[in-house]
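Enquirer: Residue-level listing of the chains:
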Amino acid sequence: MNAFLAPNDYKSPLKPIWCPGCGDYGVVQALYRALSAIGRPPHEIAFISGIGCSSRIPGYTTAYGFNTVHGRALPIAQGVKLANPDLLVVVAGGDGDGFSIGGGHVPHAIRRNVDLTYLVMDNQVYGLTKGQLSPTSPRGLKTVTSPMGSLEQPINPLLTVLAYGAGFVAQATPADMPGMTALIEEALRYPGFSFVNIQSPCVTFGEEEQQLRAHKTRMKSLASLGHDPTNQLAALDLARAYGTELYTGVFYRNPDPPPTYEALVRQRQAELQRGEPRSRARVLDGLSSRGG
Amino acid sequence: MTPVTGIDFERLTLRDALDLAILIEEEARDRYREFSEQLAAHATPEVADFFTRMARIEDRHRSELLERRQTLFGDAPSTVERTQIFDVEAPGYEQARAFMGVREALETVLASEIKAHAFFDEALPRVKDPELKALFQELRAEEVHHQALVKSELARCPEKPDDGEAYADDPVAQ
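Residue numbers (our numbering), protein chains in the order written: chain A, 1 to 292; chain B, 293 to 466.
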């Protein structure tokens, strides 16, 4: 625990304007605490987000922040990390931003294994635009865009990121603040792409049984089930219960994390610097000798 | 789920316990301030004012404990940190609602006082030091007193009228 940086040192003077009762208030508090525990000063941290209620998080921290465009937080965050690998990069956004508009970026960020933490505040609805179906909305959910109930099967964020090979996958809820704080801290410390699905209900457009009061009775910690977080197959099996069970904790943590993309890039750069500098003529010769 | 992490009550000293109690009041004060800001931003000024008053009350409790700590232990450093407590007396974020009434706000406060009482009640059997035990008993008794005060306020506060028909339509996308 850092003696010099308290949670409030990460709190910006900007006041959150989420609806009273929103789960995101707890998430941002847990973030301040997790960052305080890690002790990195705000100028060594960058928050990148897309668009949505939860994407307002960069403004509520004293770290660097970039509230980007809808669904494009991950590519921008990867660029930030590659440009300055010393930064602690945190991506924050909602389920629509991450799994609908930005869904195509998720597998590539995972397979590259850029060292960043992706926090998805999954509220199963588009809250900022007043309650339309989102990619994680449960089948049958009645919204303004599905007045008779959704006919679509929801995306399972946990299963998706596990299937793409993410090295750290966890789920949290603001109904368990100590647990969520510890998970965010662990994700931030993981060397590689880490993902935390935070069940952060929408108090205005969400279903009553999805609210934090209901979470308090529904949530089950994976540790209490005896789950071994290094067992990827068991993690996949448990992740299938998304939408029916509210499991909290680490689903999967790769016990032998592979090198990060930025480490490989630096290694390649070092190799190239050691070799004979390639003249422009030699590069052109190389291209023409390939026959086209 | 424990609202306190990394604290061994069996080894807790009187100084640590006072610091813990100060942090508990501080956390509650800060949460009520946040609630006040949230409700002021969501067109619920009367409840925002109520939570501001609650923040002042918690701050007063904090100052009283702080003074006692200062008298007994001066500026000796604290070994307890704010990061070790989670919503002991502070209401959870889920308790706030846009357009909530004063009665609901009072119910929120009452639930928080009950929660704080339960915390000291559960901690007491683990506390060995007699001085510390006395302090926790005192703090637990204060929570009972606070509950009584809130209950009397609740008795004077009218039930919120059923405003289910207040809105002509459900919220719709715009």
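Among the hints, erroneous ones may be present.
[Claimed, not checked] As a list, the in silico EDC-like pairs of lysine to aspartate or glutamate whose alpha-carbon atoms are at most 16 Å apart:
{"no.": "1", "chain 1": "A", "residue 1": "K15", "chain 2": "B", "residue 2": "D322"}
{"no.": "2", "chain 1": "A", "residue 1": "K11", "chain 2": "B", "residue 2": "D413"}
{"no.": "3", "chain 1": "B", "residue 1": "K425", "chain 2": "B", "residue 2": "E329"}
{"no.": "4", "chain 1": "A", "residue 1": "K142", "chain 2": "A", "residue 2": "E207"}
{"no.": "5", "chain 1": "B", "residue 1": "K407", "chain 2": "B", "residue 2": "D421"}
{"no.": "6", "chain 1": "A", "residue 1": "K142", "chain 2": "A", "residue 2": "E208"}
{"no.": "7", "chain 1": "A", "residue 1": "K15", "chain 2": "B", "residue 2": "E329"}
{"no.": "8", "chain 1": "A", "residue 1": "K142", "chain 2": "A", "residue 2": "E152"}
{"no.": "9", "chain 1": "A", "residue 1": "K11", "chain 2": "A", "residue 2": "E44"}
[As the list claims (entries may be wrong)] Here are the simulated distance ranges between beta carbons:
{"no.": "10", "chain 1": "B", "residue 1": "F365", "chain 2": "A", "residue 2": "R240", "range": "49 to 57 Å"}
{"no.": "11", "chain 1": "A", "residue 1": "R274", "chain 2": "B", "residue 2": "T371", "range": "45 to 53 Å"}
{"no.": "12", "chain 1": "A", "residue 1": "G59", "chain 2": "B", "residue 2": "R348", "range": "27 to 35 Å"}
{"no.": "13", "chain 1": "A", "residue 1": "R213", "chain 2": "B", "residue 2": "E451", "range": "45 to 53 Å"}
{"no.": "14", "chain 1": "A", "residue 1": "H108", "chain 2": "B", "residue 2": "L416", "range": "51 to 59 Å"}
{"no.": "15", "chain 1": "A", "residue 1": "G226", "chain 2": "B", "residue 2": "S444", "range": "58 to 66 Å"}
{"no.": "16", "chain 1": "A", "residue 1": "P147", "chain 2": "B", "residue 2": "L441", "range": "45 to 53 Å"}
{"no.": "17", "chain 1": "A", "residue 1": "A263", "chain 2": "B", "residue 2": "R303", "range": "55 to 63 Å"}
{"no.": "18", "chain 1": "B", "residue 1": "Q362", "chain 2": "A", "residue 2": "S12", "range": "26 to 34 Å"}
{"no.": "19", "chain 1": "B", "residue 1": "A332", "chain 2": "A", "residue 2": "M148", "range": "48 to 56 Å"}
{"no.": "20", "chain 1": "A", "residue 1": "P258", "chain 2": "B", "residue 2": "P369", "range": "51 to 59 Å"}
{"no.": "21", "chain 1": "B", "residue 1": "E451", "chain 2": "A", "residue 2": "G226", "range": "44 to 52 Å"}
These aren't lab readings, by the way, just hints derived from the structure by calculation. Cβ coordinates follow ideal geometry from the N, Cα and C atoms, glycine included.
Enquirer: Which hints, by number, does the structure contradict?
Expert: When the structure is compared with the hints, numbers 2, 3, 5, 13, 15, 17, 19, 20 turn out to be violated.
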